[in-house]
Structure formats: C-alpha cells, structure tokens
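Engineer: First residue of the sequence shown? That's 45 in our numbering, and the numbers climb one at a time after it.
FYI, nobody ran anything at the bench for these hints, they're computed from the structure.
Errors might be hidden in some of the hints.
[To be verified] Pairwise CB distance ranges (calculated): (1) 106 to 76: 27 to 33 Å; (2) 130 to 85: 41 to 47 Å; (3) 122 to 152: 23 to 29 Å; (4) 174 to 80: 46 to 52 Å.
Don't be surprised by glycine CBs; every beta carbon is placed ideally from N, CA and C.
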Amino acid sequence: MTPELAALAATAFVHLVAVMWSQRALEADVGREGNTGTRENLEQRISERTQRLRRALGNHVENTGLFVIAVVLVQFTGSNGWLTATAAWVFVAARALYLPAYAFGWVPWRSLIFTVGLLACFTMIVASFF
45 MTPELAALAA
55 TAFVHLVAVM
65 WSQRALEADV
75 GREGNTGTRE
85 NLEQRISERT
95 QRLRRALGNH
105 VENTGLFVIA
115 VVLVQFTGSN
125 GWLTATAAWV
135 FVAARALYLP
145 AYAFGWVPWR
155 SLIFTVGLLA
165 CFTMIVASFF
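Starting from the given sequences, assemble the full structure and let the hints guide the process.
Structural biologist: Written as structure tokens, this is what we have:
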C-alpha cells in the first residue's frame with residue numbers, strides 16, 4: 045500500500061472518530077432520541093459544542109471528497125513520491141486536529157489548521173500533473 049492510500053485509510057478512521065464524537069455529544073444533549081429519532085428541531089436543544097461538532101463533521105465530509113480525488117489522481121498518474129506522501133499525511137494530521145479545534149473554538153488555529161489541510165490536497169493535485 046502506498047503512503048497516500050494508507051493516509052486515505054487513516055482519514056476513514058478520523059471520519060469514524062468524528063461521527064462517534066458528534067453522535068455521543070448529541071446523545072448527551074438530547075438522549076437516545078438524537079440517535080434514533082427524526083432529529084427535527086434539534087438545533088434549539090443541543091449545546092454549542094455539539095453544534096460545533098456537527099459542523100466539524102460536515103466540514104470533514106466536504107474535505108474528504110477533495111482528498112479522495114487527490115489520492116486517486118496521484119495513484120493513477122503514478123506521481124507518488126516523498127512530496128505527495130508527506131502532503132497526504134499532513135492532510136490526515138490537519139483533519140485530526142481540526143475536529144478538536146472546531147469543537148473547542150480554537151481561534152484562529154482552526155482556520156490555520158483548515159488551510160494547512162487544504163494546501164496539502166492542493167499540493168497533491170498539482171503534483172499529479174508532473
């Protein structure tokens with residue numbers, strides 16, 4: 045397995061952590077209904093931290109798609125190397141740090157961490173052209 049594919053697998057693990065953390069917080073706020081109910085009108089009933097965790101999860105989903113594209117491009121073009129491997133793992137680290145940064149309101153670090161992850165993806169996409 046290439047480092048980029050291993051990083052993609054690690055991103056799946058980060059995603060599972062994000063889902064579980066978000067759902068546990070939701071259940072702590074509203075009980076089992078948060079996991080088994082219709083989830084209608086939840087925003088008024090959940091804590092600020094749980095709202096942040098839900099937004100962080102949504103952001104993670106959006107950014108994972110871009111990372112999948114970057115990994116596929118690198119794999120299919122055979123442009124794997126130290127740069128793409130490093131960028132892939134920087135992305136994983138950035139996404140793992142982004143979750144607590146969003147949940148705990150680390151300003152301005154959350155935006156910086158997001159930018160680092162985005163630049164890592166961009167680096168991989170650009171590298172796939174060479």
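Engineer: Find the hints from earlier in the document that the structure breaks and name them by number, from lowest to highest.
Structural biologist: Per hint list: single violation, 3.
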